[in-house]
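Following the hints, position chain Z with the ligands against chain Y.
The chain contents come next:
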Amino acid sequence: MAEKVQIKVVVNGVEHHSEVEPRLLLVHYLRETLGLTGTHVGCDTSQCGACTVHLDGQAVKSCTLFAVQADGSSITTIEGLGSVDSLHPVQEGFWEMHGLQCGFCTPGMIMAAADLLNRNPQPSEEEIRHALEGNLCRCTGYHNIVRAVQYAANKMAGKVGVAADD
Amino acid sequence: MKVVGQAIPHESAREHVTGRALYTDDLLPRYPQALHAWPVQAPHAHARVLRLEPAPAHRVPGVVRVLTAADVPGLNDAGIKGDEPLFPCEVMYHGQAVAWVLAETEEAARLGAERVVVEYEPLPAILTLEEAIAQGSFQGATLQIRRGDLEQGFRASARVLSGALYLGGQEHFYLETQASLALLDETGHILVHSSTQHPSETQEVVAQVLGLPRNQVTVQCIRMGGGFGGKEVQASPYAAVAALGAYLTRRPVRVRLNRWQDIALTGKRHPFYARWKVGCSEEGRLLALQIELFSDGGWSLDLSEAVLARALCHIDNAYFIPHLEVTGRVCKTHKTSQTAFRGFGGPQGMVFIEEVLTQVAQTLGLPPEVVRERNFYGPSDSPETSTTHYGQPIKDVERIRLIWDELKSSAEFERRRREVALFNAQNPQRKRGLAITPVKFGISFNFTAYNQAGALVLVYQDGSVQVNHGGTEMGQGLYTKIQQIAAEALGVPLEAIRLMPTRTDKIPNTSATAASTGSDLNGAAVKEACEKIKARLAVVAAQRFGVNPADVVFEDGQVWSIWKPEERLAFAEVVRAAYAQRVQLFADGFYRTPGLHWDKARMRGKPFHYFAYGAAVSEVEVDGFTGQYTVRRVDILHDVGDSLSPLIDLGQVEGGFMQGLGWLTVEDLRWDAEGRLATRSASTYKLPSFSELPPVFNVRLLPRATETGVVYGSKAVGEPPLMLAISVREALRDAVAAFGAGGYVELASPATPEAVYWAIEKVRRGALVFGD
Ligand code: FES
Ligand code: FES
Chain Y
1 MAEKVQIKVV VNGVEHHSEV EPRLLLVHYL RETLGLTGTH VGCDTSQCGA CTVHLDGQAV
61 KSCTLFAVQA DGSSITTIEG LGSVDSLHPV QEGFWEMHGL QCGFCTPGMI MAAADLLNRN
121 PQPSEEEIRH ALEGNLCRCT GYHNIVRAVQ YAANKMAGKV GVAADD
Chain Z
1 MKVVGQAIPH ESAREHVTGR ALYTDDLLPR YPQALHAWPV QAPHAHARVL RLEPAPAHRV
61 PGVVRVLTAA DVPGLNDAGI KGDEPLFPCE VMYHGQAVAW VLAETEEAAR LGAERVVVEY
121 EPLPAILTLE EAIAQGSFQG ATLQIRRGDL EQGFRASARV LSGALYLGGQ EHFYLETQAS
181 LALLDETGHI LVHSSTQHPS ETQEVVAQVL GLPRNQVTVQ CIRMGGGFGG KEVQASPYAA
241 VAALGAYLTR RPVRVRLNRW QDIALTGKRH PFYARWKVGC SEEGRLLALQ IELFSDGGWS
301 LDLSEAVLAR ALCHIDNAYF IPHLEVTGRV CKTHKTSQTA FRGFGGPQGM VFIEEVLTQV
361 AQTLGLPPEV VRERNFYGPS DSPETSTTHY GQPIKDVERI RLIWDELKSS AEFERRRREV
421 ALFNAQNPQR KRGLAITPVK FGISFNFTAY NQAGALVLVY QDGSVQVNHG GTEMGQGLYT
481 KIQQIAAEAL GVPLEAIRLM PTRTDKIPNT SATAASTGSD LNGAAVKEAC EKIKARLAVV
541 AAQRFGVNPA DVVFEDGQVW SIWKPEERLA FAEVVRAAYA QRVQLFADGF YRTPGLHWDK
601 ARMRGKPFHY FAYGAAVSEV EVDGFTGQYT VRRVDILHDV GDSLSPLIDL GQVEGGFMQG
661 LGWLTVEDLR WDAEGRLATR SASTYKLPSF SELPPVFNVR LLPRATETGV VYGSKAVGEP
721 PLMLAISVRE ALRDAVAAFG AGGYVELASP ATPEAVYWAI EKVRRGALVF GD
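Protein chains in written order, with the UniProt record's numbering: chain Y, 1 to 166; chain Z, 1 to 772.
Next comes chain Y alone, as it looks inside the complex (with noise of 0.2 Å):
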């Protein structure tokens, strides 16, 4: 097996130093060395989504990148998202419009979606469905996802609470 690599990433706001085989997959990483579970694997092919995080600002497939390809960056998965106590929005919005059911998918969703609202504040249920496309779930039919999403974008306006219509 192949040497040992120094690197240093910053995730959910805490700097780590870890030694790492160089094809170690950063949601192995994520998940295996750091213990953060919440990013999920739902596939091989990087199809599904479920393990979307954002590094430095941007939503992208962990299961895509190898760790050190990280090192120096800084990430947020879904545990640094927001907290029990206090939801980020779009968190909130899966939680309201019960865009979730097995959950499985959902860490992945919400931070694709999380990564939307930062482009594009106000996208159409066109632009989510669009943005979104590279996440799969296998329970919810996609409709309450779509609601979950714009319920959020609307809280972030300054609509507190306004639940998006059909």
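Careful: at least some of the hints might be erroneous.
[Unchecked claim] Just so you have them, the derived chain Z footprint on chain Y, three or more residues with Cβ under 8 Å: (1) 5-17; (2) 78-88; (3) 98-112; (4) 115-124; (5) 136-142.
These aren't lab readings, by the way, just hints derived from the structure by calculation. Beta carbons are placed, not taken as given, at the ideal position from N, Cα and C, and that holds for glycine.
Coordinates of chain Z with the ligands only, in the frame set by chain Y:
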């Protein structure tokens, strides 16, 4: 305020949205000592294992042990029917695991597995239903249901048609793949964390493989990242491998399939083939139907007989067929062992009868919805036409028509029929299609004994409550509903109720969480346990108030008597008083569905407690050049009784519909000539994504729909909505028909754009021949 019936978020929603909800494999970082398992997979669909040499694997640093048949202390079988060797000496499908390597890291296990030397003698394989039928390769019993007199029915028919249809299978693609983590617990006994819908059967299989009594094995399922039937029996082999590894090495062992392995190793929805002869009147009334069903069961029997039985029991869907003979066989092929999948054979049976009805309608030149209506069961005052072919009276038969009429009007079906016709007249290359189809789905396990459930409810002195039951949470919202039921039954707020992970050491001998029965069965058991405790507490409170126990009210954490509502006690106060009086503060609950009976040999009786109903209208638009299509609008009206939890139920209807849509349109399983599954990942197996979500999606639950005799008047919801998607298939066919000049339009399933393209080509050719 009533807790049951409120639209509340999922019980674990907060944990899910913050990433704190744990799944089985999330436990791994807690066990740094854990070994990782990797399968040695056979490169043949059918072969004899001549030699298996594990030794070379040990040259890979980190490999700790190779598990083979010789290591099994108990029975080398991962099922309960005796036909699923955990370590086979005859390979029965491509990719089957013949040994498992345990190592310090996943990579070492993988490299070790590559080194294991296995010599095979390839054998001839049966890979398609056609081959299996031709060669008589069947397993299990022949099933048959008959009604009336076929001869007579065909004699009375103005038309007799015949047809055949092949239906593709479906990969579950639960987002969380199969996962188990086994270890020796603090007492040295086997504890298996497993992503299983059936902890008791997983426990049974683990105990059987280890040769231990079941009380030595505990199985726990925290939650699953989706199941859909795919973890009903198929979680057990991986739990058994993990347990065997832990048992032999005394270290925790983790088995987690990656997606490729999961798709290659685990069973799917059964592909089916049917051929039929149908007789009808000129008005399109079905008079006689003779239909043979063949399911592709794969290499082992698994749940195939039960799936087939349900297909036979749903060949009627919502229609009265006076003379009927339906026969079914399970084919044995060298493929994965096909298994439970949401609907459990019901969807296949129903797609076939809808096919037959459309064939009749299109042949006669009648609108399919008219032919459907003409064949509905009912009216309710006619026992003959309100009884199924297996002899069960349909007690609320008028609901079929009620839902149908109500939906037709709310979806503006007639107006849109005209609009579609207009659009089609104006557009030679794009055609729209519209269809409405009904659902009637029987609720209960076909196997009567499974219709039982247990619960254990514990009340602590501070008034907080733990609820244990035998059901598992896979996203369907069972825990949410149970939490509501317990809160309602005890009269405490939701927050007072904690749902415990499902464990075999709390409730023994549980049934799988399947057949949509999770909340019916477990909910009723939990309710009974809560009511026992409440009755005891009522006696204590009644003494305090100086009233009759029957006059004590428990609501929202408060207790009072109807005579003096302003004098209130906190629930916890009553609990403490009860404790001081040595009153038992925990109780068990048990439920068995009443009134079920089933004569398995004759296939007659009352297998279902009740039926769930629904209907859907779908509209599509098809491109005549490419066969590409979009679903423009979907309207659904679905009957869940009095909803226990409307958000959860609407979610189930939407999700179920989309999963059915996937099965019937985009999800296409392909096996190559070697028997290797060619569609082994999300890159080759298309799942419904955001683009398949219809832009207009109106889903409503039938109001005022109380189902007496079921917990809080509710109805099961897990499976029935899947079959609402048949409306999409029929709408596509309606659109394809518009390219031709009439007659029966044959459409393959799944109706992929490619299949739609070929169907259009065929009707166009037909129109050229017959049209002008
Ligand atoms: S696990 Fe990364 S995209 Fe599926
Ligand atoms: S909620 Fe289960 S996969 Fe999305």
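Okay, the region 5-17 of chain Y and chain Z, do three or more residues pass the C-beta test at under 8 Å?
As far as the region 5-17 of chain Y goes, the hint is violated, because 0 residues have Cβ atoms under 8 Å from chain Z.
Verdict on chain Z covering the region 115-124 of chain Y, where coverage means 3 or more residues with a C-beta closer than 8 Å
Violated - the region 115-124 of chain Y has 0 residues with a Cβ nearer than 8 Å to chain Z, which falls short of three.
For the region 78-88 of chain Y, does the count of residues with a C-beta closer than 8 Å to a C-beta of chain Z reach 3?
holds (count 7)
Taking a Cβ-Cβ distance under 8 Å as contact, does the region 136-142 of chain Y have three or more residues in contact with chain Z?
That given contact holds, which follows from 7 residues of the region 136-142 of chain Y lying within Cβ reach (below 8 Å) of chain Z.
Taking 8 Å as the C-beta cutoff, is the stated coverage of the region 98-112 of chain Y by chain Z satisfied by three or more residues?
The restraint on the region 98-112 of chain Y holds, since 10 of its residues have a Cβ under 8 Å from chain Z and three suffice.
Violation of the numbered hints given earlier is confined to hints 1 and 4; the remaining hints are satisfied by the structure.
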